[in-house]
Amino acid sequence: MKENKDILDKTLKRKHKLQAKDVKVFYDDFMAIKGIDMNIRANKITAFIGPSGCGKSTFLRLFNRMNDYVDGFRMEGEILIDGENIYKKKVNVEQLRKQVGMVFQKPNPFPKSIYENVAYGLKIQGIKDKAFLKDKVEESLKQVGLWNEVKEDINKSALALSGGQQQRLCIARTLAVEPSIILMDEPTSALDPISTAKIEELIYQLKEKYTIVIVTHNMQQAGRISDYTAFFYMGELIEYDKSKKLFTNPEKQQTENYITGRFG
Amino acid sequence: MNNIRTNRLKDQAFKFWGIACTFLGLILLTIFIGSILIDGLQRIDWDFITSLPSRKAERAGIYTALMGSVWILVFTTIIALPLGIAAAIYLEEYAKESRLSSLLEINISNLAGVPSIIYGLLGLEVFVRIMEMGASVLAGSFTLALLILPIVIVATRESLKAVPKSIRDASFALGASKWQTVSQQLLPASFGGILTGVILALSRAVGETAPLIVIGALAYVPFAPESPMDEFSVLPIQIFNWISRPKHGFEVNAAAAIIVLLLITFILNGIAVYFRNRWQSKLK
Ligand SMILES: Nc1ncnc2c1ncn2[C@@H]1O[C@H](COP(=O)(O)OP(=O)(O)OP(=O)(O)O)[C@@H](O)[C@H]1O
Ligand SMILES: [Mg+2]
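Read top to bottom, the protein sequences are chains A and B.
For the record, in the first sequence the residue sitting at position 198 is 197 according to numbering that gives the first Met the number 0, with numbers rising by one throughout.
For the record, in the second sequence the residue sitting at position 2 is 1 according to numbering that gives the first Met the number 0, with numbers rising by one throughout.
Just chain A, same shape as in the assembly (with noise of 0.2 angstroms):
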């Protein structure tokens, strides 16, 4: 029975990739998320929506502790990844974050070449061999789709690319590190509507190999990409479904009035 349980306990955490339990977040003494019970899970995409300055930002932002630097910052409750609480005071935070990935809203380059860009995550962990970072590069450029636009150009500066081409560096270079979550801010707000077709296209491909958390104000791109869809208002998780039953049947009038546009 014991064995059991035990067994059980391990496919439903490896279900639920991410779990926030009671999670509180201040920023000195202002509470930005208000105690959210959340499971996410493995190899779906799931997206953030809500009203801006609701907390998305904040809530997605627990999972690689890039709120730590932040001033003012605190948090109450549990984050696990895997099971394991990320916030435990052996954990090391650097590790944490190759394992989590993040793309921002506004791609954010290094003002260095193409391949110093994608090559980065893993040189800074000690990978000298030149062959293979070569040959990861390749494979991360060819993964996002701009090897072909890009290979001739490779010793060239990051800058030179279009919007859209530097965001999909940006996600080549996190996949470089072999993440297997990724979270993404509003990854295509700053972008044009072909770029951000192919960004989506591409995220959609993502899911299998990885679990992706996408914030976005788009309800079409969360309809189009998303599995599953959770609603934020004022720090809090209103509601959390499917996307297919959140965009069609929200059980909340809140949710409703949010996604036919009625206010936010």
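Among these hints, one or two may not hold up.
DMTMM-like mimics (lysine to aspartate or glutamate), calculated; alpha carbons at most 25 angstroms apart, straight line [unchecked claim]:
#1 B:K164 / A:D27
#2 A:K88 / A:D134
#3 A:K88 / B:E92
#4 A:K105 / B:D168
#5 B:K164 / A:E93
#6 A:K135 / B:D168
#7 A:K122 / B:E92
#8 B:K177 / A:D27
#9 A:K197 / A:D134
#10 B:K95 / A:E93
#11 A:K111 / B:D168
#12 B:K164 / A:E115
#13 A:K111 / B:E91
#14 B:K164 / A:D70
#15 A:K251 / A:D21
#16 B:K95 / A:D27
#17 A:K127 / B:E91
These aren't lab readings, by the way, just hints derived from the structure by calculation.
Since the structure of chain A is provided, determine the placement of chain B with the ligands on it from the hints.
For chain B with the ligands alone, coordinates are given in the frame of chain A:
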């Protein structure tokens, strides 16, 4: 209607005022440099640069002072650069917001405004006497290093601040440690700005006279320094010394030495501009 007209008039008036001010500055500078060139240029030749000091104006050269300045410049850089950049990195990237760090900050800004002769007194007491360095190149370099330290720190901090937060985010998110982020992203990205600040600080150090006189640098040294513990003179002191002599020949020497000093400053500034431009174009 009227309003537009008066505005335009004010606009014009300000434009002329601005042009006038600019020209006044340029004219004064031209007169200054022109008169020095007229006085000194005839005196500058290889002999003047390679000769040792002498009591005869026609035979005196700037060799020892020039070498003294070079030695001072090199050692000041060696001392001030690592200290200043490390302090700036600490304050900008590591120090938490606290009473102590804001106290440090205010004091560093204030230090930049302390008269240089005070640094001389500090150097005299601490380096020359307590640490028993004597009136050596090393004591002079430490004194000048202290003097330019605030400038280096402020310049480095400004350059670090100018690196967008998104670069830090990107680096941290890939699993880089703080030091990796500083050394591999922030310092390279702010290198141009730091270098400009450092070189401008150094060109100030080359021109400093008072603190070095206070610590006991001599106007007359028979030989160029051969080690950091040797006595030294520097160009500005040599110039000061020559100007204060009654004989006309020395005045000419002073003018010639000023040209050399100006040249060094211009070259330093030129290097700063070159690196800044190169760095900016590399970032594009
Ligand atoms: N560094 C900070 N210091 C203080 N308060 C902050 C900080 N960052 C965020 N907040 C506050 O926390 C709340 C949640 O912010 P957050 O950035 O998570 O919202 P968001 O849902 O991502 O909004 P948006 O859609 O505009 O990106 C906001 O009220 C915001 O003002
Ligand atoms: Mg946000």
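Now the hints, each set against the structure:
1. B:K164 / A:D27: holds (21 angstroms)
2. A:K88 / A:D134: Roughly 36 angstroms between the alpha carbons, so the hint for A:K88 and A:D134 is violated.
3. A:K88 / B:E92: holds (22 angstroms)
4. A:K105 / B:D168: Since the Cα atoms of A:K105 and B:D168 sit roughly 11 angstroms apart, the hinted pair holds (cutoff 25 angstroms).
5. B:K164 / A:E93: holds (18 angstroms)
6. A:K135 / B:D168: holds (22 angstroms)
7. A:K122 / B:E92: holds (22 angstroms)
8. B:K177 / A:D27: holds (24 angstroms)
9. A:K197 / A:D134: holds (23 angstroms)
10. B:K95 / A:E93: holds (20 angstroms)
11. A:K111 / B:D168: With Cα atoms ~16 angstroms apart, A:K111 and B:D168 stay inside 25 angstroms; holds.
12. B:K164 / A:E115: Status holds; Cα separation ~19 angstroms.
13. A:K111 / B:E91: holds (23 angstroms)
14. B:K164 / A:D70: This hinted pair holds, its Cα atoms lying about 14 angstroms apart.
15. A:K251 / A:D21: Judged against 25 angstroms, a Cα distance of about 21 angstroms means the pair holds.
16. B:K95 / A:D27: holds (15 angstroms)
17. A:K127 / B:E91: violated (30 angstroms)
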